[in-house]
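A.B. asks: With the hints as extra help, turn the sequences into a complete structure.
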Amino acid sequence: MADYKDYMLFDKLPHTWCAGCGDGIVLQSIAAVFAEMELDKHDICLVSGIGCFGRVDDYLDINCMHVTHGRALPAATGIALANPALHVIVTMGDGDSVTIGGNHLIHCARRNIDLTAIIANNYNYGQTGGQYSGTTPTDSITSTSPYGHIEQEFDICRLAEAAGATYVARATAFNPVQMRKLIRGGIEHKGFSLIECMVQCPTHYGRYNRQGEAADMMKMMNARSIPAEKAKTMSAEELEGRIVTGVIVNKNREDYYTKYKRIIDAQRIREEGGSVNEN
Amino acid sequence: MRETIHISISELRCKQCGICSALCPKQVFTQEVGKIPVVSHMDACIACRLCEMRCPDFAIDVVITGGEER
Amino acid sequence: MKSQKKFIEGNEAVVDGAIAAGARFYAGYPISPSSEIAEGAARELPRYGGIYIQMEDEISSMAALLGASLAGVKSFTATSSPGFSLMQENLGLGIMSEIPAVIFNVQRSGPSTGAATKPAQADIMQARYGAHGDHSIIALSPSSVQDCYDLTITAFNLAEKYRTPVLFLSDEVIGHLRETVTETEPGPDQIFSRIQPDPDISQKDFRPYGYSSDSVVPMPAVGNRKLLMRTTGSTHDEKGEFSPNPQNIDRVTHYLTNKIEKNAEDITITRTYQLDDAEIAFITFGCSVRSTISAVDILRAEGVRAGMLQLVTIWPMPEKEIRAVLAKAGTVVVPEMNLGQLAGEIRKFNDYGCRILQANRTDGVLITPQQIINTLED
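Chains as they are written, first to last, in my numbering: chain A, 1 to 279; chain B, 1 to 70; chain C, 1 to 378.
FYI, nobody ran anything at the bench for these hints, they're computed from the structure. Even for Gly, the Cβ is constructed at its ideal location relative to N, Cα and C. Check each hint, because a few of them may be wrong.
Claimed, not checked - Covered stretches of chain A (in silico footprint by chain B; criterion: 3 or more residues with CB under 8 Å from a CB of chain B, positions within the stretch not fixed):
no.	region
1	22-31
2	163-177
3	208-221
Claimed, not checked - Have a look at the derived ranges for each label pair, beta carbon to beta carbon:
no.	chain 1	residue 1	chain 2	residue 2	range
4	B	48	A	3	41 to 49 Å
5	A	6	B	32	30 to 38 Å
6	A	230	C	253	25 to 33 Å
C.D. replies: Shown next, in the form of structure tokens:
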């Protein structure tokens, strides 16, 4: 059986992330799923954005396209449509995915592009010093909300679900076994899949909000976790402050390329000389 | 054949974050501030591999030899 | 060689040219006066097995273009001036990542929404310097519907040859102008195919980038069975791995500029009209070329030795040809539908004491031959 290290540029370690940062846990989960599925590296293309978690491509030995802040999903859309046989994996933080790139996320979900978005949500912009993002919880302290954050945060999974995502799941860094299972579920899903991975940022968010060390933050995530099945039986008040984990949405809807391919098949003209452009 | 479990910790990669020692369900590790964790209760290890999977720095390898395939 | 005559507008000829060049992916956001290109792409691409996708904005359109091109499919988008502003971010990504693509900008009056349906030629500087950071860029400008077909093929060839995004600076006049065009299908030798790595190279020896010379490095598509490909908008080394050390930043900057500037002679296209004995020379581009040709004819009929240099390639600026005109003509007039963006560039080369006059029009109406001639009387 393949080892997760086979999919990594292991000699690039130690990585850039701070001690205790949860991003490495997600990175290992991603590589472990590739190994578990025994994917051919040439069949995978990872697209990453900007931010702490945008650096995952530095450590993976697969096809990689590292793009601008927030634009990983549209770049991945181009790849997924130009080569539908590829497993397109998009790694983003909360900034990339639902703040600067929020518009791209909802449209990508709506179109049901066949790709897998893996989002590491640490509630803040860790790479640049802990400023608030679109997922920073109300009342939190960050370097740009020193008096407490007054905005309401996005629930990434609910946003994706409302936009039409066909596979939506969430795991925490406390539970890497579940994280692997959900990432694999996303890759195997045909259509737009999104896995939100809750990760701790002990350096900035944790310190500003006095949440202790990395392990304390992970324990707190676990204490707040509630399985998706159970969450269905709970009221909005009961779910306040909880982290719903597991598969939240899993449904079939034809993906963009499959639909478009039917247009191609119906409209295609044979080019002279009998050759058909196969691209 | 009895299985043997070996836990190796890479000094190069470990950033001493304390996740493994704090979250190990069997308290296999002990760790002092400013030092890398030490495997001090190997006999308690159940080879759940959570330390390996939760290590954000790819510093832990749990190697199981012998016994049945897991 | 297959050839057909059509009576169509510039924006339609662009679509035909793109398909003839082998483009099979379009991502864009409709905007006047370029939308006919989107409509044509949506209609025609699936007929050739290609894909049209309408994105949520121009930022994502540009990103999708680069993704599709990285997967090995020739890609294009069309926009107009304000949409072109939104594309600058990922235009920079294309330059740094060295991913070919063609961007059609059917220029309109601005700034901001401006007079949305009126022509202008005021994006010369946006084309050259709109993406931040030092770099060079290739930009072509058509002056006829025929150009919209022929130069589109040239634009794709340059994009592939130099592994870079190429700009096509059209304008509302040319985009909506209807005239007869002869569409000749290019032969295989007239289509530049992306340089592929040596088939025997191993992953260990493969490098997606190269900075040791000014030449272009082969680019395999992601998804090929042999080599893994790595691109990034971050400053990187030959392996495509992040490398922000001062020496590397410096050589990457120079490389991205030199691979275009040092090949300017191969890239630049100019045309002349009655230029040989001209005492009064016009230097112009795009829709203004049409009015300038009439101005030359009127002046010649009056016995004035007038002529014109047309810059088909706007960037890199055809310095050699411009200098030759400046050295020879007593007066150079620069007709353009902006307040002097090209004239300023031409002044940079004026080491010859040549009198340089501007013929500018910025009211959203095509500059006229008489207005150009009047400049000489001021």
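A.B. asks: A separate judgement is required for each hint: does it hold in the structure or not?
C.D. replies: Here is how each hint holds up against the structure:
no.: 1; hint: 22-31; verdict: holds (count 6)
no.: 2; hint: 163-177; verdict: holds (count 4)
no.: 3; hint: 208-221; verdict: holds (count 6)
no.: 4; hint: B/48 to A/3: 41 to 49 Å; verdict: violated (18 Å)
no.: 5; hint: A/6 to B/32: 30 to 38 Å; verdict: holds (34 Å)
no.: 6; hint: A/230 to C/253: 25 to 33 Å; verdict: violated (56 Å)
In terms of the numbered hints stated before, the structure departs from hints 4 and 6, listed from lowest to highest.
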